[in-house]
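**Q** What follows is the residue order along each chain.
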Amino acid sequence: QQQVKQSPQSLIVQKGGISIINCAYENTAFDYFPWYQQFPGKGPALLIAIRPDVSEKKEGRFTISFNKSAKQFSLHIMDSQPGDSATYFCAAVSGGSYIPTFGRGTSLIVHP
Amino acid sequence: SQTIHQWPATLVQPVGSPLSLECTVEGTSNPNLYWYRQAAGRGLQLLFYSVGIGQISSEVPQNLSASRPQDRQFILSSKKLLLSDSGFYLCAWRRGSLANEQYFGPGTRLTVT
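Note that the protein sequences, when read in sequence, are chains A and B. Numbered according to the numbering used here, the first sequence spans residues -5 to 106. Numbered according to the numbering used here, the second sequence spans residues -18 to 94.
Chain A on its own, in the form it takes in the complex (with noise of 0.2 angstroms):
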């Protein structure tokens, strides 16, 4: 199972600051790529995804940026809230697989 390398491991952010969280992949296969949001206590929430096939995809606050030539992607929180302090895992799934592939989780503190 190939590794998806997430970094960094921990963020904090002032309130209104842009919160960047980066994964790198080497499998090629990856074909999806969907970030989690996980609050203290709860499961893991899908936030967001991505294709290979766009270079960015936004919604809302969120968004990711998809670098393909370097196989990396990142997840972009502007205007950074309070209530975004979570923690966040990327992942890398490739069609036909049954196992998605995580990363390791960043955990965002912002600060008011």
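Honestly, the hints are just simulated from the structure, not real lab data. Just to be clear, a hint being listed does not mean it is correct.
DSS-like, lysine-lysine: derived pairs with alpha carbons at most 30 angstroms apart [claimed, not checked]: (1) Lys36(A) - Lys61(B); (2) Lys51(A) - Lys62(A); (3) Lys65(A) - Lys51(A); (4) Lys51(A) - Lys9(A); (5) Lys36(A) - Lys60(B); (6) Lys36(A) - Lys9(A).
Partial chain A-side listing against chain B, Cβ under 10 angstroms, derived [stated by the list, open to error]: (7) Tyr26; (8) Lys36; (9) Gly37; (10) Pro38; (11) Ala43; (12) Arg45; (13) Thr81; (14) Phe83; (15) Pro94; (16) Phe96; (17) Gly97; (18) Gly99.
For clarity, every value in this text was computed on a predicted model and none was experimentally measured. Ideal placement from N, C-alpha and C gives every residue a C-beta, glycine not left out.
Position chain B relative to chain A; hints supplied.
**A** Leaving out everything else, chain B in the frame of chain A:
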């Protein structure tokens, strides 16, 4: 719409006792089902997955086992718990191997004392 349930929500068990955690999915049929464990402040460790009734694949050798007695029911068990079994257990489902989205349940917090 589809929903996923896990119970119990929290559980405190002594070392050496048995374990049974249950997960059920509503609103879909023949889902792929998964059990993950998450240690405090850590990532998601895949324990088992199932693509159909009675079909279980194990990812990590341990004293845990899984069963799928019904299409939308997934059970995680142990005959004798270890201290290291403490953690947050998450069940998840996907519509199938060609479906991309995976959805997680609310989780069970297990503390082995």
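**Q** Does each hint fit the structure? Answer for all of them.
**A** Here is how each hint holds up against the structure:
no.: 1; hint: Lys36(A) - Lys61(B); in the structure: 26 angstroms, holds
no.: 2; hint: Lys51(A) - Lys62(A); in the structure: 14 angstroms, holds
no.: 3; hint: Lys65(A) - Lys51(A); in the structure: 16 angstroms, holds
no.: 4; hint: Lys51(A) - Lys9(A); in the structure: 23 angstroms, holds
no.: 5; hint: Lys36(A) - Lys60(B); in the structure: 26 angstroms, holds
no.: 6; hint: Lys36(A) - Lys9(A); in the structure: 23 angstroms, holds
no.: 7; hint: Tyr26; in the structure: 4 angstroms, holds
no.: 8; hint: Lys36; in the structure: 6 angstroms, holds
no.: 9; hint: Gly37; in the structure: 4 angstroms, holds
no.: 10; hint: Pro38; in the structure: 5 angstroms, holds
no.: 11; hint: Ala43; in the structure: 7 angstroms, holds
no.: 12; hint: Arg45; in the structure: 8 angstroms, holds
no.: 13; hint: Thr81; in the structure: 9 angstroms, holds
no.: 14; hint: Phe83; in the structure: 7 angstroms, holds
no.: 15; hint: Pro94; in the structure: 6 angstroms, holds
no.: 16; hint: Phe96; in the structure: 5 angstroms, holds
no.: 17; hint: Gly97; in the structure: 7 angstroms, holds
no.: 18; hint: Gly99; in the structure: 5 angstroms, holds
Every hint from the earlier list agrees with this structure, and none is contradicted.
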